[in-house]
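> Each chain, written out:
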Amino acid sequence: SQQGEEDPQALSIQEGENATMNCSYKTSINNLQWYRQNSGRGLVHLILIRSNEREKHSGRLRVTLDTSKKSSSLLITASRAADTASYFCATFEFSQGGKLIFGQGTELSVKP
Amino acid sequence: DGGITQSPKYLFRKEGQNVTLSCEQNLNHDAMYWYRQDPGQGLRLIYYSQIVNDFQKGDIAEGYSVSREKKESFPLTVTSAQKNPTAFYLCASTRGASGRTDTQYFGPGTRLTVL
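Those protein sequences? They're chains L and C, same order as listed.
Throughout the first sequence, residue numbering follows our numbering, covering 33 to 144 in sequence.
Throughout the second sequence, residue numbering follows our numbering, covering 2 to 116 in sequence.
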């Protein structure tokens, strides 16, 4: 079952620009997490935002959560070529026991 | 990739063969997970285990089997009943058994190809 849906599916920007990715979900959540995946590698956790939080920062990353709209966004500021990767949101649903539900991801390409 | 290792990195299977993918973690994590990822897709949960000697089916368990005899090990067997096994397989773990507020730590993945 897919919960989070990312938008856009693919994003291409120039180095130095900001990149914004969005995630929408359907049911009540405990938390929402963002992960990064370089091509052919495992996923790396970036940031977790709880359902009672609205915004969270980590370095050049800024995540917002709007539970009324069931949506989240990930902003990467001053992007670098090394940020090129796929980015996934994952939600922990109350009804799903011990499972995270992953979206299909946004493929980000940052051109030098 | 944290303290999770997966082997082999690449695996080729002939039709009708069972193959076993290894996943080991030295993080002393309670819960472990297996995911399947197809090209351009997100992750789909195959099986997960919250404690030793116990595991639950995920969304796409048919054609797969697992065991959890030791806390640090969670091998996945892809059986001949899995008709389309070519995919990238990812193992993950979380510190707590519930996984509710824990981040998942992923291994580097195994790419399985059916010949």
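Read the hints as simulated data drawn from the structure, not as lab findings.
Check before you lean on any hint, since a few could be wrong.
To be verified - Pairs of lysine to aspartate or glutamate, EDC-like flavour, derived with a Cα cap of 20 Å:
| hint | chain 1 | residue 1 | chain 2 | residue 2 |
| --- | --- | --- | --- | --- |
| 1 | L | K101 | L | D39 |
| 2 | L | K131 | C | E63 |
| 3 | L | K131 | C | E16 |
| 4 | C | K84 | C | D55 |
| 5 | L | K58 | C | D55 |
| 6 | C | K58 | C | E16 |
| 7 | C | K10 | C | D31 |
| 8 | C | K71 | C | E25 |
| 9 | L | K131 | C | D55 |
| 10 | L | K88 | L | D98 |
| 11 | L | K101 | L | E37 |
| 12 | L | K131 | C | D60 |
To be verified - Residues of chain L clear of chain C, computed beta-carbon distances all greater than 12 Å:
| hint | residue |
| --- | --- |
| 13 | E38 |
| 14 | N63 |
| 15 | A114 |
| 16 | E139 |
Where is the CB? At the ideal position from N, CA and C, for every residue including glycine.
> If any of the earlier hints don't hold here, list their numbers in rising order.
3, 4, 5, 6, 7, 13, 14 and 16
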